[in-house]
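Trainee: Place chain X on chain P using the hints.
Next come the chains, spelled out residue by residue.
Number of protein chains: 2
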Amino acid sequence: MRNYLFSMLSFKFLILACFLFVTTVYGQEEDNNSPNFIIIFADDLGYGDLGVFGNPSIKTPHLDKMSFEGQKWTNFYAAASVCTPSRAGLLTGRLPVRSGMASSTNRVLFPNSKNGLPASEITLAEQLKEAGYTTAAIGKWHLGHKEEFLPTNHGFDTYFGIPYSNDMDRLQGEAYKGYWKRPNDSIKTEHFNVPLLRGTEIVERPANQNNITKRYSDEAVTFINQQDETPFFLYLAHNLPHIPLFASEEFKGKSKRGLYGDVVEEIDNGVGKILDALKEKGLAENTIVVFTSDNGPWLPFKNNGGTAGLLRAGKGTTWEGGMRVPTLFWGPSILAPAVISDLGSTLDLFTTFCTMANTNIPTDRIIDGVDLTDVLLEGKPSPRKSVFYYRGSELFAARVGDYKAHFISQGAYGELGERVQHDLPLLFNVAFDASERFDIADAHPEILKEITELVFKHKSKLVRGKDQLVERE
Amino acid sequence: MRNYLFSMLSFKFLILACFLFVTTVYGQEEDNNSPNFIIIFADDLGYGDLGVFGNPSIKTPHLDKMSFEGQKWTNFYAAASVCTPSRAGLLTGRLPVRSGMASSTNRVLFPNSKNGLPASEITLAEQLKEAGYTTAAIGKWHLGHKEEFLPTNHGFDTYFGIPYSNDMDRLQGEAYKGYWKRPNDSIKTEHFNVPLLRGTEIVERPANQNNITKRYSDEAVTFINQQDETPFFLYLAHNLPHIPLFASEEFKGKSKRGLYGDVVEEIDNGVGKILDALKEKGLAENTIVVFTSDNGPWLPFKNNGGTAGLLRAGKGTTWEGGMRVPTLFWGPSILAPAVISDLGSTLDLFTTFCTMANTNIPTDRIIDGVDLTDVLLEGKPSPRKSVFYYRGSELFAARVGDYKAHFISQGAYGELGERVQHDLPLLFNVAFDASERFDIADAHPEILKEITELVFKHKSKLVRGKDQLVERE
Numbered sequence: 002m003r004n005y006l007f008s009m010l011s012f013k014f015l016i017l018a019c020f021l022f023v024t025t026v027y028g029q030e031e032d033n034n035s036p037n038f039i040i041i042f043a044d045d046l047g048y049g050d051l052g053v054f055g056n057p058s059i060k061t062p063h064l065d066k067m068s069f070e071g072q073k074w075t076n077f078y079a080a081a082s083v084c085t086p087s088r089a090g091l092l093t094g095r096l097p098v099r100s101g102m103a104s105s106t107n108r109v110l111f112p113n114s115k116n117g118l119p120a121s122e123i124t125l126a127e128q129l130k131e132a133g134y135t136t137a138a139i140g141k142w143h144l145g146h147k148e149e150f151l152p153t154n155h156g157f158d159t160y161f162g163i164p165y166s167n168d169m170d171r172l173q174g175e176a177y178k179g180y181w182k183r184p185n186d187s188i189k190t191e192h193f194n195v196p197l198l199r200g201t202e203i204v205e206r207p208a209n210q211n212n213i214t215k216r217y218s219d220e221a222v223t224f225i226n227q228q229d230e231t232p233f234f235l236y237l238a239h240n241l242p243h244i245p246l247f248a249s250e251e252f253k254g255k256s257k258r259g260l261y262g263d264v265v266e267e268i269d270n271g272v273g274k275i276l277d278a279l280k281e282k283g284l285a286e287n288t289i290v291v292f293t294s295d296n297g298p299w300l301p302f303k304n305n306g307g308t309a310g311l312l313r314a315g316k317g318t319t320w321e322g323g324m325r326v327p328t329l330f331w332g333p334s335i336l337a338p339a340v341i342s343d344l345g346s347t348l349d350l351f352t353t354f355c356t357m358a359n360t361n362i363p364t365d366r367i368i369d370g371v372d373l374t375d376v377l378l379e380g381k382p383s384p385r386k387s388v389f390y391y392r393g394s395e396l397f398a399a400r401v402g403d404y405k406a407h408f409i410s411q412g413a414y415g416e417l418g419e420r421v422q423h424d425l426p427l428l429f430n431v432a433f434d435a436s437e438r439f440d441i442a443d444a445h446p447e448i449l450k451e452i453t454e455l456v457f458k459h460k461s462k463l464v465r466g467k468d469q470l471v472e473r474e
Numbered sequence: 002m003r004n005y006l007f008s009m010l011s012f013k014f015l016i017l018a019c020f021l022f023v024t025t026v027y028g029q030e031e032d033n034n035s036p037n038f039i040i041i042f043a044d045d046l047g048y049g050d051l052g053v054f055g056n057p058s059i060k061t062p063h064l065d066k067m068s069f070e071g072q073k074w075t076n077f078y079a080a081a082s083v084c085t086p087s088r089a090g091l092l093t094g095r096l097p098v099r100s101g102m103a104s105s106t107n108r109v110l111f112p113n114s115k116n117g118l119p120a121s122e123i124t125l126a127e128q129l130k131e132a133g134y135t136t137a138a139i140g141k142w143h144l145g146h147k148e149e150f151l152p153t154n155h156g157f158d159t160y161f162g163i164p165y166s167n168d169m170d171r172l173q174g175e176a177y178k179g180y181w182k183r184p185n186d187s188i189k190t191e192h193f194n195v196p197l198l199r200g201t202e203i204v205e206r207p208a209n210q211n212n213i214t215k216r217y218s219d220e221a222v223t224f225i226n227q228q229d230e231t232p233f234f235l236y237l238a239h240n241l242p243h244i245p246l247f248a249s250e251e252f253k254g255k256s257k258r259g260l261y262g263d264v265v266e267e268i269d270n271g272v273g274k275i276l277d278a279l280k281e282k283g284l285a286e287n288t289i290v291v292f293t294s295d296n297g298p299w300l301p302f303k304n305n306g307g308t309a310g311l312l313r314a315g316k317g318t319t320w321e322g323g324m325r326v327p328t329l330f331w332g333p334s335i336l337a338p339a340v341i342s343d344l345g346s347t348l349d350l351f352t353t354f355c356t357m358a359n360t361n362i363p364t365d366r367i368i369d370g371v372d373l374t375d376v377l378l379e380g381k382p383s384p385r386k387s388v389f390y391y392r393g394s395e396l397f398a399a400r401v402g403d404y405k406a407h408f409i410s411q412g413a414y415g416e417l418g419e420r421v422q423h424d425l426p427l428l429f430n431v432a433f434d435a436s437e438r439f440d441i442a443d444a445h446p447e448i449l450k451e452i453t454e455l456v457f458k459h460k461s462k463l464v465r466g467k468d469q470l471v472e473r474e
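Protein chains in written order, with my numbering: chain P, 2 to 474; chain X, 2 to 474.
The shape of chain P in the complex, shown without the other chains:
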């Protein structure tokens, strides 16, 4: 069965290789065969929140099917453990600390932040646009809400969405106080004065979040139906299941996991609509869809947050639960169906998609992403050998192969979690011990030495971008 699969896949690889060759020869203008890319990015979705990642109560039939037909990545990491830096990493292929989007002062951007992703950064959208792609951003941005920082000024032809987190612009007073400790039905979308933008114009404020997930998915379907021969890149970043939680009437009360489950099931439903649209439009054979999350579950919010399954801790931390995210790749006639336990990162999407689209990787700056093409197309071993875990602008931990060293550790924001500097770093084999329960530093000084040297080398060469999160108005 596996052999059959692989022979099938080598064949598909040949096909793709052929048009990559053709497009190389005839240049980008004639390149209409490059694969389309869709990134579906959930917000604060935990490692254990999908059926196929072990959730017993949340039903995600479309994502489960996506995993059986494509690739399920079990050791795939977000670029950071909170929103803004994670998104900067995904779109630039660079550790957020390089672009100044990871800060020692502020975790993320706020409605009164002065800056955003610098114009000097090159986004995946800009790269693909240059390669002739139609590009669209839908949903949460959180890389600067001022016009100059919005998606349409970072390589996206169009934008529809809320420019930052859905719990921002909070209306003060009784209606709002301690909302996340109150029953969900007492939390109204009107309590959050977040704007909904089309392009750079506010079209709705406060954005009606009750059906925002549905509207984002429908917008994606509309975009897909508008496509012609030109290859496209769609970046769909849901604002949910980040708190406050909202589901449309069709999904409210549907899940046994409560409102959080309703929200995830509505996102899953949207994924189904998107895959169906691709099939009906005849684009499924030449489109790669990625589903992943920006960071782990926001655990201090108890059952209004998700679960990291067997992984330790969640959002905001550099434990596995904070940065290892449930990730699926789908592309019926392109990908080698498999479960991939090798390393991958959202940083790699930049390099991988640029490679597949046959556009050049910038050489004037350090790109941290690696090319996963051969893993996706042929199930070959991943070229990614290490992961750096930053909290803000500070490196807390690093993974090399199966081993992860914690130099500093700390609990989640808003939880008891003192910062601990480890004189002897903690060492875990996170393939063997995914829950990070058994420190083996004493038994493996040589591995600790290897990781420490890699980190030293990384730090000594690191050029930090000017902190873009610090200035407020």
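Calculated from the structure, these hints are not laboratory results. Watch out, some of these pointers could steer you wrong.
It does not matter which identical chain is meant; a pair holds if it fits inside one copy or across any two.
What the hints assert, rightly or not - With a Cα cut of at most 25 Å, we get these calculated DMTMM-like pairs of lysine to aspartate or glutamate: (1) Lys253 to Asp343; (2) Lys255 to Asp440; (3) Lys303 to Glu447; (4) Lys255 to Glu131; (5) Lys274 to Glu70; (6) Lys255 to Glu447; (7) Lys66 to Glu286.
Mentor: Then chain X, alone, in the frame of chain P:
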């Protein structure tokens, strides 16, 4: 898609219904169309130990495929949280406390135990044999090692396996001392003088456990290949991944999860061989295969035990991690592919398979199993509405619908775990809060009342069987 599925399934249901009718009319002698049943029963496999149940390091491609083609049950329970009572429950469809196979003195049967499953109990094998089935037991028995209690005296035509746990008959002395705290490669199969039986004869002692998993799976394939028109029931109960852990050379070092992962991957490989044999023999269309576990992971053994994923605690406890087990049903042209989050229990296999085989359910005793036929064939709601959680012969907790009340709670055997009697029982919504983190007893007195009344009713009617585990020689 779902609708299509269901119309397909109603059709399959019709077919099955037809031959159930035919067999009813023409009686059991002519019954050659009843489905074959295979139960594959792992030992101490945790809820989070399979790929499709969220394990990031253990690769189980065959079980994953089984779940996509069949039914994945996310709220399925073992009859008890340790070996002997769990197995008694599965084979009799009765709570082990009724047959005396759950005791207040001993957790399980030992090599010096005097008794076993009483002859007065009716096993699923006896029921199916009466309906004209060929029956075979392979692997761990643990319902009495004396001849009168062995499988061949409880309805099985044949038996091949180790009659109790693979860590029993321990050779004393240095070689053995504290073996589970020592490196796995220092633990030899010779340290455990367990017998391997064929029928009632010892054919090997100590049983070579290095390849026991492979030998059990191969024995199952041989049995399948010997079958003719007569329907059959195969009970394959692996001795592993119960400690001590052994894998054959082909699998040793294969998994990133260490020896525990190697063992689970070898079991998965065996499942693949069994499904292939069914297909090659043309039996897949009329065979139902169940894969499940006898209880949760044995956590005090650290990484030599498995993981319960997001569930709380493990083997020996009445927390979800102790009794909720990863369960798959497979039957390509019979079952309605689905993820089932309704309640099910190993107790139900007795009633369900007797119903499908069109043989009568005993009326002279209480049977605790319910008929899951309509859930399996049509994806209808499960008729099981409650679960009783016994520790030994004592009821610790009960679940009704989504709610579970703990009257007594305690940690795993061999772990710090004081017994706590709860004056006000703990109450959890285990659909919403599978990790049993948030006690909601104060908020829902009416639900607590309902569960308490059910338990009172259950206890007041309960007739306890004579303790079969207490007497030793």
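Trainee: Each of the hints needs a verdict: does it hold here or not?
Mentor: Here is how each hint holds up against the structure:
| no. | hint | result |
| --- | --- | --- |
| 1 | Lys253 to Asp343 | between (37 Å within a copy, 19 Å between copies) |
| 2 | Lys255 to Asp440 | between (41 Å within a copy, 23 Å between copies) |
| 3 | Lys303 to Glu447 | between (39 Å within a copy, 24 Å between copies) |
| 4 | Lys255 to Glu131 | neither (44 Å within a copy, 44 Å between copies) |
| 5 | Lys274 to Glu70 | both (16 Å within a copy, 22 Å between copies) |
| 6 | Lys255 to Glu447 | between (52 Å within a copy, 23 Å between copies) |
| 7 | Lys66 to Glu286 | both (16 Å within a copy, 23 Å between copies) |
This entry does not satisfy hint 4, going by the numbered hints stated previously; all others are met.
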